[in-house]
Amino acid sequence: DGGITQSPKYLFRKEGQNVTLSCEQNLNHDAMYWYRQDPGQGLRLIYYSQIVNDFQKGDIAEGYSVSREKKESFPLTVTSAQKNPTAFYLCASSTSEGSGNTIYFGEGSWLTVV
Amino acid sequence: QQQVKQSPQSLIVQKGGISIINCAYENTAFDYFPWYQQFPGKGPALLIAIRPDVSEKKEGRFTISFNKSAKQFSLHIMDSQPGDSATYFCAAKVETSGSRLTFGEGTQLTVNP
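Each protein sequence line maps, in turn, to chains V and D. Each residue of the first sequence is one higher than the one before, starting from -12 at the first, in my numbering. Each residue of the second sequence is one higher than the one before, starting from 2 at the first, in my numbering.
There's no promise every hint is true.
Taking CB as the label site, the calculated pair distances span [what the hints assert, rightly or not]: (1) V:Ser(-6) x D:Ser56: 41 to 47 Å; (2) V:Gly50 x D:Asn113: 38 to 44 Å; (3) V:Val39 x D:Gly17: 30 to 36 Å; (4) V:Pro(-5) x D:Gly17: 39 to 45 Å; (5) D:Gln15 x V:Gln28: 27 to 33 Å.
Looking from chain V toward chain D, a few residues come up when the C-beta cut is under 7 Å (computed) [what the hints assert, rightly or not]: (6) Thr89; (7) Phe92; (8) Glu94.
Honestly, the hints are just simulated from the structure, not real lab data. All C-beta atoms, glycine included, are put in the ideal place defined by N, C-alpha and C.
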């Protein structure tokens, strides 16, 4: 099936540790995104990439890092510099340009700091 | 910062009633306005979208109304059903600037049987 696969679904992290969330898509989309979701705050953009080997900071990039070495993969690393990392993380993808290009989301990953 | 303000934060409707969620935006360059539906523990999914060249778009029980002069748009769910209980997000973007969407804060809809 075509879609976006995020893993793991649930992840626990100790303070001071870096963790990496995986995102893979087989939709042949050029653009990929990472959003963070907290209750009552909607979806906030962390990083996005419109093409391989290029990415831009979103609204809340501090404490996060990404890479885009392959078109289908866009992993997110939550570093120890992120002060409040407990959240629901959503990966998404879309065609890069064109009118009305729909953004498709993965099932999300829950990260809890313990 | 470009913003999209959404209200109400939560909404409770009886089965068969009309659910109305409102959004207001600031950036007059926005020209694409989608609504997303999210069930608990799942990623959001596109529900319906509108462009400012029309004032209304209907798909089944879901209707978007768009008021360009007021910079507002709203989602109406007719004959609301318990299965519609979810969180709804409005969003907006400038299509020529690529795919980056600005989301509203979300509305948690509960439809009571």
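- Determine which of the earlier numbered hints do not hold for this structure and return their numbers in increasing order. As far as the earlier hints go, only 3 is violated by this structure.
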